[in-house]
Amino acid sequence: MSTPQDFNTELPIAVSEVGAITSVGRGIQDSFASILAGMSRSTEVSGFKVFDGDEHDMVPLIGHPVAAVTEGFSALARWRLLADHALGNLIQRGKTPGAKLTQTPTGCTIVLPTLEGDRFYYDRRIRPPYSSESLLSGLLIKHGLNIPLEQRGYFCSGHAGIGEAILALKSKMEAGAIHRGIIIAVDSMLDGFSLLWLNEAGRLKTPDSAHGLAPGEAAVALILERADALQQRGGKPMAWLKAAACSEDDYGFWQIGRTQGRGLINALNQAMQNFGPDFQTELYTDINGEHWRSTELGMAIPGSSIGPSLAGGFKAVAESVGETGAASGALNIAIAAQALALGQSQAPYATILSSSDYGDTCACILQKAML
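Heads up, the sequence shown is in full-length UniProt numbering, so the first residue is 1 and it goes up one at a time.
Check the hints yourself; a few may be wrong.
[What the hints assert, rightly or not] Lysine to any residue pairs mimicking SDA-like chemistry, simulated, CA-CA at most 25 Å apart: (1) Lys236 - Gly144; (2) Lys95 - Asn146; (3) Lys170 - Thr43; (4) Lys95 - Pro148; (5) Lys315 - Ile147; (6) Lys172 - Gln367; (7) Lys100 - Leu140; (8) Lys172 - Trp197.
Just so you know, the hints here were simulated from the structure itself, not pulled from any lab data. On a predicted model such as this, the values are computed, not experimentally measured, just so you know.
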């Protein structure tokens, strides 16, 4: 198990803007309102069926597609379409053209699923690192974001990639290389290769398997910004990013019966190390219906110091939008930041936990911006 990486910093870093697209909203405002209300737009997945033992027949799989946006496209094309919507939503909400946003030093990272391995083994369109580089370059050009190559990053590690992206951008901010960082996280579990991969691994929720996931898709764009840079351009923080930590577990989904939540425990304890007894937080998780994720979280809460600090239970965004893979951690941060900014949170802090299929974990803590 690797040594956890973390930051608990005195350098004020804000979540200054967010954008998103999900199955329940074409922007962060609609997505937030729908998720807060517990809404879902689950529907039959076109062209994919699973076996129903009671009916002795094949029936359509239920999932959470982004209607009229991604149907019929390959994985890489879906990522382009979704990320384009999310980044456009972020820029539109901020009312700052891309070219103006990058007049001062800005970095950008993209968070994607693991490109190597069985999931995309037969998809010839996806070849790391070319796929991630071409995807990010195309998005930046389209939205007028002039970001040099040395300030771009690519994290293809699934759910926990958001923590790695945050730590990388924070390091550059501390060094004075950039004033702000844009994170784009995108994934779709609904392309044909991903559905086959999930089905062969027995991970889909079907009539014969209640302990499974409902595939979804989403993209999220976030701006993390130094407080001084935010003030100089007249912006306001949605929330303060107070801590982030990454670790890894010896066991992920592929060792389903052996996880003890150690990766989440390590990341969570590292993120919380500078908080006192008055720390009160909501908890955002990537629980998606799979037994191993529930077991991992069930081990992590009593195994860490967060238990007495929990206020309002925990949030499971997948109940509304399904399993969104590499986009899930960023989506939880976006929803938490929006809740804190709008006074819809039951605590002054929000803790976001993410755990990738192969054992990578991260914990992030946001604080309400006292304006």
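Status of the hints after comparison with the structure:
{"no.": "1", "hint": "Lys236 - Gly144", "result": "23 Å, holds"}
{"no.": "2", "hint": "Lys95 - Asn146", "result": "17 Å, holds"}
{"no.": "3", "hint": "Lys170 - Thr43", "result": "39 Å, violated"}
{"no.": "4", "hint": "Lys95 - Pro148", "result": "23 Å, holds"}
{"no.": "5", "hint": "Lys315 - Ile147", "result": "35 Å, violated"}
{"no.": "6", "hint": "Lys172 - Gln367", "result": "22 Å, holds"}
{"no.": "7", "hint": "Lys100 - Leu140", "result": "13 Å, holds"}
{"no.": "8", "hint": "Lys172 - Trp197", "result": "37 Å, violated"}
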